[in-house]
Amino acid sequence: MRANLSLPWWAWAAMGAGLVVFAVMIGLTVKRNRGVHRSLFASPYTLWMIVFTVIPVILIGYYAFTNASGAFTLDNFKNFWDSNYESNKVILDVMGEEGAAYITRGTVNVDTLVYSLWMAFKCTVICLLLGYPAALFMADRNMKLGATLVVLFIIPMWMNFLLRTIAWMSLLEDSGLINTFLKWLGFEGVQLMYNSEAVLLGMVYNFLPFMVFPIYTVLSKMDFRLTEAAADLGCNSLQTLVKVTLPLSLPGVISGITMVFMPSVTTFFIPRVLGGGNTMMFGDLIESKFLTEGNWNVGSALSLIMMLLILLSLSILRKVDPNGEGGGIA
Amino acid sequence: MIKWLKKCYLGLVLVFLYVPILVLIVQSFNAGKSRAKWEGFSFRWYTELFQDERTLNALFVTLSIAVVAMIVSTILGTLAAIGIHAMKKRPQALMMTLTNLPNTMPDIVTGISLMLLFIFTKVERGYVTMLLAHITFDTPYVILSVLPKLKQMNRHTYEAAMDLGATPGYALFHVIIPQCKQGIITGAMLAFTLSLDDFTISYFTTSPLVQNLSTLIYSSARKGIDPSLNALSALMFVALLILLLIVNRRTANND
Numbered sequence: 001m002r003a004n005l006s007l008p009w010w011a012w013a014a015m016g017a018g019l020v021v022f023a024v025m026i027g028l029t030v031k032r033n034r035g036v037h038r039s040l041f042a043s044p045y046t047l048w049m050i051v052f053t054v055i056p057v058i059l060i061g062y063y064a065f066t067n068a069s070g071a072f073t074l075d076n077f078k079n080f081w082d083s084n085y086e087s088n089k090v091i092l093d094v095m096g097e098e099g100a101a102y103i104t105r106g107t108v109n110v111d112t113l114v115y116s117l118w119m120a121f122k123c124t125v126i127c128l129l130l131g132y133p134a135a136l137f138m139a140d141r142n143m144k145l146g147a148t149l150v151v152l153f154i155i156p157m158w159m160n161f162l163l164r165t166i167a168w169m170s171l172l173e174d175s176g177l178i179n180t181f182l183k184w185l186g187f188e189g190v191q192l193m194y195n196s197e198a199v200l201l202g203m204v205y206n207f208l209p210f211m212v213f214p215i216y217t218v219l220s221k222m223d224f225r226l227t228e229a230a231a232d233l234g235c236n237s238l239q240t241l242v243k244v245t246l247p248l249s250l251p252g253v254i255s256g257i258t259m260v261f262m263p264s265v266t267t268f269f270i271p272r273v274l275g276g277g278n279t280m281m282f283g284d285l286i287e288s289k290f291l292t293e294g295n296w297n298v299g300s301a302l303s304l305i306m307m308l309l310i311l312l313s314l315s316i317l318r319k320v321d322p323n324g325e326g327g328g329i330a
Numbered sequence: 001m002i003k004w005l006k007k008c009y010l011g012l013v014l015v016f017l018y019v020p021i022l023v024l025i026v027q028s029f030n031a032g033k034s035r036a037k038w039e040g041f042s043f044r045w046y047t048e049l050f051q052d053e054r055t056l057n058a059l060f061v062t063l064s065i066a067v068v069a070m071i072v073s074t075i076l077g078t079l080a081a082i083g084i085h086a087m088k089k090r091p092q093a094l095m096m097t098l099t100n101l102p103n104t105m106p107d108i109v110t111g112i113s114l115m116l117l118f119i120f121t122k123v124e125r126g127y128v129t130m131l132l133a134h135i136t137f138d139t140p141y142v143i144l145s146v147l148p149k150l151k152q153m154n155r156h157t158y159e160a161a162m163d164l165g166a167t168p169g170y171a172l173f174h175v176i177i178p179q180c181k182q183g184i185i186t187g188a189m190l191a192f193t194l195s196l197d198d199f200t201i202s203y204f205t206t207s208p209l210v211q212n213l214s215t216l217i218y219s220s221a222r223k224g225i226d227p228s229l230n231a232l233s234a235l236m237f238v239a240l241l242i243l244l245l246i247v248n249r250r251t252a253n254n255d
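Residue numbers (my numbering), protein chains in the order written: chain A, 1 to 330; chain B, 1 to 255.
Excised from the complex, chain A in its bound form (with noise of 0.2 angstroms):
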């Protein structure tokens, strides 16, 4: 197969630039003592994130603050209020004062941020509750077994997602393995698909792992000899959890709730496959406006407007965990 390299020819120049003039740069810092400081080691990726991150962000910014024709405006949010802004508009204009009366907001836009907040808000919540114990067992030191039920929380997301998404239809649909089983029995079949408990159900399986691993991880760092202390000083078990190791995991638990949450509020290929288009969720919204509306003005003000959500929210989390002590996946 030969794969299409179309770039402009400028964008191989400045590439080829880039790359000689980095390759001196190395040179120096190699070959004398007094070469170029290693901070420089950084500017490659610095220029690599300036034009592949920090221009692209600012580019979703101008064209949410402008029109198709280029010039500055804030429809684009205000179409984001209501969706019937550009017809209220025109009626407005033709009918005067009249045209009050045919005037209606157009709320797409805003119920289904609130229904994708909703619905992350709930995923989140049953992760929590699922993937906490889970966690908790995993750290168990009387386990033994901690490193192998990692991986075997890993293994799954090593098949592709959209794959593993899908096969839950199987399981799901109306002549699928749930229903045949249900009907085997003698029961009624079960309308289980396209519906938003599809879609909640498919977004706890995807990210459920995401809740589990960084609440093991900052579990099993955690000095046990805290828990026995405690035991010692005359708490329960349930007092123990309470006291001291659901305070210590707490870095954790906001890092697994950031790393639900966000994915779950932007997701669309989820609620497309489980919810069969009766369910609509913002990042679908976001996707349509740009793909299928090609209505990139107001899908722009729209990531924009989520972009916002999910720096308030991070920033109110890391109030909670200032240090950022809960780590990733890794």
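There may be inaccurate statements among the hints.
Covered, in the sense of this in silico footprint (three residues per stretch, anywhere, with C-beta under 8 angstroms from a C-beta of chain B), are these stretches of chain A [what the hints assert, rightly or not]:
(1) 41-47
(2) 153-163
(3) 279-292
Pulled a few chain B residues facing chain A out of the computed Cβ check, cut under 10 angstroms [to be verified]:
(4) 14
(5) 32
(6) 82
(7) 123
(8) 128
(9) 181
(10) 184
(11) 229
(12) 241
Treat the hints as calculated values from the structure; they're not laboratory data.
Being a predicted model, the structure only gives us computed values, none of them experimental.
Each residue gets a CB set at the ideal place from its N, CA and C atoms; glycine is no exception.
Chain A is already provided as a structure; the job is to place chain B on it using the hints.
What follows is chain B alone, placed relative to chain A:
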């Protein structure tokens, strides 16, 4: 008793995680195309897999991008980590913010922002743009796995090497890099798996003509997945498992 209950609970959670995978593997041996009905055991989808050009193309795109992105981001990230480590406090904090930025951005926003960049600069989306996007999201993970190793390192060893007459280059390759080898390997593996599994960012940064496995699966999800895709992912899954076992053996023997 309590220990038994704990094991039961963990077992149930693992069953929840593994059921779809099991379903998928069983389906890949189903003679029929139906998702629900078992029509007998066959290797049909495994043989069809190797004749299906679209799937093989997607496999090639996925693997080649994962490998190239892993190599580039490991070099870029390791150098960056060494550079960031040598920085003064202020610029270091700035660089760490920059490095953490992609982690705090949802995938969909990363994908869209890159798509806007390519549209804005009139670069046609395809193989190269997808590769650039993968390097972009891989590199911060490499840095985040190398940096802790650098921090653990005794900084005097580097100075000692210099005092004993090593050039900075010699000290770099013989003192610094060997000491953070573990972090570099972890970072590279993380980059490879992330790239292999990515859907959202690839989806926005490629054209329908150049598809990796994820975007191919997505575009065929509505018409019904071709069971040969199940067969392929079952094969990849088993390959990764075997790889894991080999690595495990190796490290066990080394200990």
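Hints, verified against the model:
no., hint, result
1, 41-47, "holds (count 6)"
2, 153-163, "holds (count 10)"
3, 279-292, "holds (count 4)"
4, 14, "6 angstroms, holds"
5, 32, "13 angstroms, violated"
6, 82, "5 angstroms, holds"
7, 123, "6 angstroms, holds"
8, 128, "5 angstroms, holds"
9, 181, "15 angstroms, violated"
10, 184, "13 angstroms, violated"
11, 229, "7 angstroms, holds"
12, 241, "7 angstroms, holds"
Violated hints, listed in ascending order, are 5, 9, 10; each of the other numbered hints is respected by the structure.
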